[in-house]
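Protein sequence lines, in the order shown, are assigned to chains A and B.
For the first sequence, our numbering begins at 1 and goes up steadily by one.
For the second sequence, our numbering begins at 1 and goes up steadily by one.
By construction, these hints were calculated from the structure, which means they are not laboratory data.
Possibly wrong hints are sitting among the right ones.
Derived DSSO-like pairs (lysine-lysine); straight-line CA-CA distance at most 27 Å [unchecked claim]:
| # | chain 1 | residue 1 | chain 2 | residue 2 |
| --- | --- | --- | --- | --- |
| 1 | B | K153 | B | K192 |
| 2 | A | K75 | B | K192 |
| 3 | A | K119 | B | K327 |
| 4 | A | K116 | A | K136 |
| 5 | B | K15 | A | K136 |
| 6 | B | K407 | B | K15 |
The following label-pair restraints were derived from C-beta to C-beta distances [as the list claims (entries may be wrong)]:
| # | chain 1 | residue 1 | chain 2 | residue 2 | range |
| --- | --- | --- | --- | --- | --- |
| 7 | B | K15 | A | S40 | 39 to 49 Å |
| 8 | A | K75 | B | Q374 | 54 to 64 Å |
| 9 | B | R418 | A | S143 | 17 to 27 Å |
| 10 | B | K406 | A | G112 | 47 to 57 Å |
| 11 | A | E123 | B | K15 | 22 to 32 Å |
| 12 | B | G316 | A | M135 | 28 to 38 Å |
Each residue gets a CB set at the ideal place from its N, CA and C atoms; glycine is no exception.
So you can see what is in the structure, the chains are spelled out below.
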Amino acid sequence: MLKMQQINKIYRTELVETHALREFNLSVNEGEFVTVTGPSGSGKTTFLNIAGLLEEISQGQYFLDGVNVVGLNDKERSRLRNEKIGFIFQSFNLIPDLNLFENVDVPLRYRGFNAKERKRRIEQALEQVGLAARMKHLPAQLSGGQQQRVAIARALAGEPKFLLADEPTGNLDSLMARQVMELLKNINKQGTTIVMVTHDAALARCGQRNIQIVDGQVCDFSLYDKNPQASAFENPQTAASTTTTAASIA
Amino acid sequence: MLEISPIFNAMMRHKSHALLLIIQIALTLAIVANAAFIIENRLTLMNRDSGLPEAQLFKFDVFSFGKDIDLNQQMELDETMLRAIPGVIDAVTINQIPISGSGDNTIFMDRDDTPNKNNNDKNLHSKSNTPAKHVHTGVYRGDTHTLNTLGVKLIAGRNFSEDEIIYGNETQPISVAIVSKAFITTMFPELKGLEQQGVGKLIYVFRIPIKIIGIVDKLQSSQVTSSHIEQTIILPKIQTRNFYRFLIRTAANQQQAVIDKVENLMLKLYPNRVIRTPRTLTYLRDNSYADDKMMTQLLMILIVILFLITALGIVGMAVFNVNRRRKQIGTRRALGASKGNIIRYFMIENWLITNLGIVLGIALSILLSQFLMQQFSLPKLDNSYIMATMIAIWLLGIMAVYFPAKKAAQISPAIATRSI
Ligand SMILES: Nc1ncnc2c1ncn2[C@@H]1O[C@H](COP(=O)(O)OP(=O)(O)O)[C@@H](O)[C@H]1O
Ligand SMILES: [Mg+2]
Numbered sequence: 001m002l003k004m005q006q007i008n009k010i011y012r013t014e015l016v017e018t019h020a021l022r023e024f025n026l027s028v029n030e031g032e033f034v035t036v037t038g039p040s041g042s043g044k045t046t047f048l049n050i051a052g053l054l055e056e057i058s059q060g061q062y063f064l065d066g067v068n069v070v071g072l073n074d075k076e077r078s079r080l081r082n083e084k085i086g087f088i089f090q091s092f093n094l095i096p097d098l099n100l101f102e103n104v105d106v107p108l109r110y111r112g113f114n115a116k117e118r119k120r121r122i123e124q125a126l127e128q129v130g131l132a133a134r135m136k137h138l139p140a141q142l143s144g145g146q147q148q149r150v151a152i153a154r155a156l157a158g159e160p161k162f163l164l165a166d167e168p169t170g171n172l173d174s175l176m177a178r179q180v181m182e183l184l185k186n187i188n189k190q191g192t193t194i195v196m197v198t199h200d201a202a203l204a205r206c207g208q209r210n211i212q213i214v215d216g217q218v219c220d221f222s223l224y225d226k227n228p229q230a231s232a233f234e235n236p237q238t239a240a241s242t243t244t245t246a247a248s249i250a
Numbered sequence: 001m002l003e004i005s006p007i008f009n010a011m012m013r014h015k016s017h018a019l020l021l022i023i024q025i026a027l028t029l030a031i032v033a034n035a036a037f038i039i040e041n042r043l044t045l046m047n048r049d050s051g052l053p054e055a056q057l058f059k060f061d062v063f064s065f066g067k068d069i070d071l072n073q074q075m076e077l078d079e080t081m082l083r084a085i086p087g088v089i090d091a092v093t094i095n096q097i098p099i100s101g102s103g104d105n106t107i108f109m110d111r112d113d114t115p116n117k118n119n120n121d122k123n124l125h126s127k128s129n130t131p132a133k134h135v136h137t138g139v140y141r142g143d144t145h146t147l148n149t150l151g152v153k154l155i156a157g158r159n160f161s162e163d164e165i166i167y168g169n170e171t172q173p174i175s176v177a178i179v180s181k182a183f184i185t186t187m188f189p190e191l192k193g194l195e196q197q198g199v200g201k202l203i204y205v206f207r208i209p210i211k212i213i214g215i216v217d218k219l220q221s222s223q224v225t226s227s228h229i230e231q232t233i234i235l236p237k238i239q240t241r242n243f244y245r246f247l248i249r250t251a252a253n254q255q256q257a258v259i260d261k262v263e264n265l266m267l268k269l270y271p272n273r274v275i276r277t278p279r280t281l282t283y284l285r286d287n288s289y290a291d292d293k294m295m296t297q298l299l300m301i302l303i304v305i306l307f308l309i310t311a312l313g314i315v316g317m318a319v320f321n322v323n324r325r326r327k328q329i330g331t332r333r334a335l336g337a338s339k340g341n342i343i344r345y346f347m348i349e350n351w352l353i354t355n356l357g358i359v360l361g362i363a364l365s366i367l368l369s370q371f372l373m374q375q376f377s378l379p380k381l382d383n384s385y386i387m388a389t390m391i392a393i394w395l396l397g398i399m400a401v402y403f404p405a406k407k408a409a410q411i412s413p414a415i416a417t418r419s420i
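Work the whole structure out from these sequences, hints included.
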């Protein structure tokens, strides 16, 4: 499903060069639910952005659903994002000027579905997250948990093979977080591959596999079932990024 | 894939943002369409053909204070002398100068309709129910040289003969006249297209019948602002006054040379007088149309300023919207929008705003035009001006929004995960 080989990602600014990912290797199989943990600044979001084609890689190989994405142009990358990937963001990223129906509609329009097909998918997706009754509401009229459910509906409506979530429960209280996690688990059961970044060790155990990123590298990965104590870096402070020294100096 | 409805809905949830720009576009359309129309009207006025060889003509005034001469005779002597100057084609004493801005007018009628108590035979005329036709007419007075000096073309009939010219001290009434073609069509609309047949017709002024003996193709009066400018008549009369005026026609390249020596020659002929203000017809035209020229220039500046302000308004609005929506743009990109989709979003949004402004602007244009018609008796605004301005605003909008939209497309999709 997802295969990254020897990926390097370097951010260059005038003063510093940050090696956000180094010799990064990872494979995710179809239908897996992978959680990603690691200290702050270790490269989790960078990994997710690259996986989701939001950023280009500096070096290495990346195959998404068998497609080599290196060298694709903007249009092809956008199309691939739209068809294969669903995004769930920490801060929901609903468009405030659009009601729920219109928000879920956004990726479907880029996909080019006709109005009837879009309507069917939107209603079904909102149904799935339990918010079909509030289609005409604006995001601001919803609680955080509800907003994140709408964002999930938006990610699901295009029926992507691959769901990427960056701290999806980071802005939610624990009850709402649990609801969102249940939803994700259900979605995964129906066959969608999920990669979720989280700093919460308990949530990390919800996946079938947890990987840890430290200093831009996969530090250790193990099936959670085999190794219940897998989370070596539960406390971000103990794992402060040390190799991005240039960034620290700046 | 049309995205109009969600863009429109999102816009409507921020009405106040778009409203100012909509009003600005509407006002621009209304003002520019009307201003362009006024400019075009003025330019048409200014570029009207006077029918004269303007580059060949100049005038000057004579004020005689000596009491020791026969003015009548002196005018004859002056004319003879002026016509003999090398480079002069012809010269004439004339009461008014075409397109100079001021001169004589009177009303001519197609019949004598004044009730006449003494003569019942006049009932002949009152048999016809329609009232006499009144035609405002610019009146020239001159001698047999008038046509040649003015350089106008006789299209029917003949010039005055010398014995038809009435000099100041003679008392017989004027009985013949030469008129412009436009005079004929106005006085006798039934002769439209057959103006030549106007020769021999009688017209009346102060109950005096005057026979039309000649028709010139075109001769404007002095009153450039008058709607009656084309209706003119030449009467065979030389008034004797100590203030009189000459119109001189020279070869165009000789004009300045003649102007330079005319005062000396006039004073040499008779010294007790003042020669004043030699003016070329080109000068008089510029002077007469100075207000129109200034008006057109001001309106052109106004149009440029309005377009600039509107373009800036559109750019400002687009930049504001791009910055306000940076995260939204990143999110849309993450959800599958290509750079083209982002550019299109802003283009469509701007196009919607422009169209709303245009719809309002069309209504405003018509209102403004009606106001101008009432207040300044301008003609009705032609729809083509609204159309042309509309297209200009569309193009302006597309150009103004393109660069901010392109900037929006450059926003990295990573902003969706990187910003809070
Ligand atoms: N656009 C960028 N420009 C420069 N440095 C960046 C940029 N984005 C991320 N980084 C740096 O890359 C490193 C990894 O960041 P990130 O992937 O966001 O970490 P995490 O999500 O694990 O906290 C950090 O040192 C961060 O400062
Ligand atoms: Mg992060």
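Which of the listed hints are broken here? 2, 10
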